[in-house]
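S.K.: The chain contents come next:
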Amino acid sequence: MTVTAVPDVAGRRPAVRLRKLEDERWLAFALLSPTAVLLGLFIAYPFVEGVLLALSDAKVGDPGHFVGFANFAKLWDDNIFWTSVWNTFWYTGVTTVFKLGLGLWLAMLLNRHFRGKALVRAFILLPFIIPTVLSTFAWKWMFDPTFSVINWTLFHLGFISQRINWLGDPGLAMSSIIVVNIWRGVPFFAISLLAGLQTISPELNEAAAIDGARPWARFWLITWPLLLPVTLVVMLFSVIQTFADFQLVYVMTGGGPANATHLFATYAYQIGIGTGLLSQGAAVSLAMFPFLFAIVVIQLLYIRRVEVR
Amino acid sequence: MIEGALWRRWVFYNIPLILFVFVLLFPFYWMIVTSFRPDGELYRPWNAMNYMPFWTNKPTLEHFRYLFEETDFGRWMVNTMFIAVVSTLISLFCGVLAGYALARLNFPFAGSLGTVIFVTYLVPQTLLFIPLAEIIRDFHLGDTPWSLILTYPTFLIPFCTWLMMGYFKAIPKELEECARIDGASRWKAMLYIIIPIAVPGILSSGIIAFTLSWNEFIYALVFLSSPEQKTVAVGVTSELIRGDVFFWGSLMAGALLGSVPVAIVYSFFVEHYVSGLTGSVKG
Amino acid sequence: MAEVSLHKLNKRFEAFHAVKDVDLQIRDKEFVVLVGPSGCGKTTTLRMIAGLEAVSDGEIRIDNTVVNEVPPMDRDIAMVFQNYALYPHMSVASNMAFGLKMRKFQKAEIEERIKRAATILGIESLLGRKPRQLSGGQRQRVALGRAIVRDPKVFLFDEPLSNLDAKLRVQMRVELKKLHERLGTTAIYVTHDQVEAMTLGDRVVVMKDGVVQQVGEPLELYNTPANRFVAGFIGSPAMNFAEVTLAESGGRLVAEAPGLKISLPPELAKHGRTNLGRGATLGIRPEDIHIAGPEDDAGHCFDASVEVVEQLGSEILLDTRVGSALFMASIDPTIRVRPHEKLRLALKPDRLHLFDAESEKAL
Ligand SMILES: Nc1ncnc2c1ncn2[C@@H]1O[C@H](COP(=O)(O)OP(=O)(O)O)[C@@H](O)[C@H]1O
Ligand SMILES: [Mg+2]
Chain A
51 MTVTAVPDVA
61 GRRPAVRLRK
71 LEDERWLAFA
81 LLSPTAVLLG
91 LFIAYPFVEG
101 VLLALSDAKV
111 GDPGHFVGFA
121 NFAKLWDDNI
131 FWTSVWNTFW
141 YTGVTTVFKL
151 GLGLWLAMLL
161 NRHFRGKALV
171 RAFILLPFII
181 PTVLSTFAWK
191 WMFDPTFSVI
201 NWTLFHLGFI
211 SQRINWLGDP
221 GLAMSSIIVV
231 NIWRGVPFFA
241 ISLLAGLQTI
251 SPELNEAAAI
261 DGARPWARFW
271 LITWPLLLPV
281 TLVVMLFSVI
291 QTFADFQLVY
301 VMTGGGPANA
311 THLFATYAYQ
321 IGIGTGLLSQ
331 GAAVSLAMFP
341 FLFAIVVIQL
351 LYIRRVEVR
Chain B
2 MIEGALWRRW
12 VFYNIPLILF
22 VFVLLFPFYW
32 MIVTSFRPDG
42 ELYRPWNAMN
52 YMPFWTNKPT
62 LEHFRYLFEE
72 TDFGRWMVNT
82 MFIAVVSTLI
92 SLFCGVLAGY
102 ALARLNFPFA
112 GSLGTVIFVT
122 YLVPQTLLFI
132 PLAEIIRDFH
142 LGDTPWSLIL
152 TYPTFLIPFC
162 TWLMMGYFKA
172 IPKELEECAR
182 IDGASRWKAM
192 LYIIIPIAVP
202 GILSSGIIAF
212 TLSWNEFIYA
222 LVFLSSPEQK
232 TVAVGVTSEL
242 IRGDVFFWGS
252 LMAGALLGSV
262 PVAIVYSFFV
272 EHYVSGLTGS
282 VKG
Chain C
808 MAEVSLHKLN
818 KRFEAFHAVK
828 DVDLQIRDKE
838 FVVLVGPSGC
848 GKTTTLRMIA
858 GLEAVSDGEI
868 RIDNTVVNEV
878 PPMDRDIAMV
888 FQNYALYPHM
898 SVASNMAFGL
908 KMRKFQKAEI
918 EERIKRAATI
928 LGIESLLGRK
938 PRQLSGGQRQ
948 RVALGRAIVR
958 DPKVFLFDEP
968 LSNLDAKLRV
978 QMRVELKKLH
988 ERLGTTAIYV
998 THDQVEAMTL
1008 GDRVVVMKDG
1018 VVQQVGEPLE
1028 LYNTPANRFV
1038 AGFIGSPAMN
1048 FAEVTLAESG
1058 GRLVAEAPGL
1068 KISLPPELAK
1078 HGRTNLGRGA
1088 TLGIRPEDIH
1098 IAGPEDDAGH
1108 CFDASVEVVE
1118 QLGSEILLDT
1128 RVGSALFMAS
1138 IDPTIRVRPH
1148 EKLRLALKPD
1158 RLHLFDAESE
1168 KAL
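The listed protein sequences derive, respectively, from chains A, B and C.
The first sequence begins at 51 in this note's numbering and counts up by one.
The second sequence begins at 2 in this note's numbering and counts up by one.
The third sequence begins at 808 in this note's numbering and counts up by one.
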């Protein structure tokens, strides 16, 4: 507001009440300050602290000294680190593709009228709602080499003839983890995409059908382009969550067997908390930052382009 | 639209949907069956003759008894509940106010602050847990519920703010202007008009924030150490696994009970949860 | 009850100058209508009076007190919004009580006032309902009720009728007029509909591009528009215009255009002579054109070819071509006319308007 006082000769003039909260700027300041304090203390400060830590040789109980990029140099020569980098990308890429495909399929199955739809929708979200650690334990138990219900099923269906050690073999362990992540993520994709589908007027599809478009053409020419903005945002969230995942791997394999299934986060935990090499651990998790940053920037730019279109 | 003959409807819609539902829900069924299965049946190899995967004839409460008598499971539940409720309330308080300011007030840098909130919304907990552990220790908060109550808002506030911004933006600005002309200050207009109208959004944010806190793992794992301070997820992980011996029955019983509060809250507010979830990806 | 005066009022949105040097004295108990095409700055002006928009330059006084920096809550005004802005989570009664509660009125007094307002507006039976359970017309009444319980110094209306269907709009217009006569509160009313402006306003302010074009009583605007814009904006169907040149012919001033040669009456000619040789715009309202008869002076007649015939029952509207110009004429409904027919039309000379071609000001 302009606060230039207009002198008033003829008339009376009320005392301008100095209630600061009437001024949008002061009100905004007041409303934002609790958030700013908490986020400053527990996000901005740790971030700076993390950078300093990664540049030092601190251990548990030893504040350490500045050592420059020594920690990162060490990581450069660390095979397990590179395995984790590769794993993280593989894990993120594969699960995202499957979550998107299956989620979209499920969303389309749900985007119809049928009896019990509300109930089905409510139950379907359960894998996403139930604490990941707890549901992952159920999967770990299902994958148990000796007592596995999965082995039993595959055996009785005739697919296997002997036991499979799901979590004991490096390749299989990663695939098992991927399966669990997809299981947990599909509901989120499905429900979000379903909401997107519901905003697309059925008349568009009907008009296209009358114009002679087959279902497949209708999907690619109408549904998919209109759904793209929502899809991209859902993928943004999912990719970041998956890239920085910890709980699932921690419970399923703890990074094993023989450090074959580490992601950034589990490896950072193992080094920083497990072995107590705080600086080294901080370096591993900070190494995630440039990748995350690039992912976010690329996706946001792409989303903006799609939304402008 | 017309979906064609009955068999087409089954092949293309009903059977795939049934398969989806089956796969998505089976692990929970497995969790339930396991938690009532006596140990004798539990540790019977899958290729044994009398392996009976989907049912048990001798259901037992033994695993639940173990949970409550031999571990601090009750405490863990109370801890988790306390932490989730308090951090949710803090986050709602901050998020509603911040969301209101960012969505409805004009002030310098409003746009860039909105972006900052969105970016912090994207910061994963695993990026900062090591330096945070140090800070928590410096503040002498280690091994107390407050270490989590104060740090959970770092991911809950951005979420609540973001969601609330969407709800606030949808409320016509005339309502507030009318209230101000009617004699309300900005503050009162917010309190009596805008916030009550945004109650569905507040509920959605609150429910999702609650499930997110209940779900959080790595901070709880790193910041808490004594058994009686732990949350369900951490307690179950550390106290029901001894070396490489897993107490599967009790583990599943704990997982089951640990899921119940979230499931209850969720079942009461499914619609709010879903609208919050879909609102949060609308951007 | 109050006087409102605007003095050199300006509003700039960053680079955009939305309201320019608006001067206006509104008398106590007066009903003033701001009218103009969409985007001309009416709402912005009203919002500055309400205190919702900061004044960039100039001064607003209510009862001779400068209120530029007084927050809306302390201005003692009431406003009815286009979308009504009823608080959706409150009942009708609470909606009406809100302003009084904020001003710390006694409970009994609040109830008394709500009852009175509800009786005036005929909404007693709706008091317990929520806004979403009301029809458009009922919402409108509640919004009015919320304004009148406050008994404010000034009422502000921002296109309050534009969300109603045509029939209800006419009905509410009449009721608003009655209400104002009964309460006598100073009112400022914004609309883009000139019919509303003409029927409601004691005085009408015509705006265009943030500038006041003319202020006057409705008939004044209709009969003596200050410029071509006001002439075209007020009146329906709109005034016909033809670009003409002015020339002396046999002692009379004649306005000429292809297919048109009209001698101007002496009074108009006096003003028109200042523009001799320069361009001018001739204006005539459709209702001042009729089919030529023997009594009409040849200098006031012209030939037209009919393009479209619109039968309205009470009158016939003819879209005609006169030389290169299009003229609309409103004629007696009993006359039979067909498209493509050639007609000889006459106009009422004392109803002619003449505008400068450059400045568009009335001559
Ligand atoms: N907050 C704003 N920021 C920028 N321009 C605005 C704003 N509000 C109104 N305008 C512009 O000012 C002009 C006048 O608007 P308004 O007063 O709403 O017109 P109307 O006469 O239709 O009520 C319009 O061109 C509009 O685009
Ligand atoms: Mg307007």
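A few of these clues could be false.
[Stated by the list, open to error] Dumping the calculated EDC-like pairs for lysine to aspartate or glutamate here, alpha-carbon to alpha-carbon at most 16 Å:
hint, chain 1, residue 1, chain 2, residue 2
1, B, Lys189, A, Asp194
2, B, Lys174, A, Glu256
3, A, Lys190, B, Asp245
4, B, Lys189, B, Glu178
5, B, Lys189, A, Glu74
Derived by calculation from the structure, the hints in this document are not laboratory data.
Only a predicted model underlies this, so the values are computations on that prediction, with no experimental measurement involved.
S.K.: Against the structure, test the hints numbered earlier, and report the numbers of the ones violated in rising order.
M.R.: Hints 1 and 2 not satisfied by this model.
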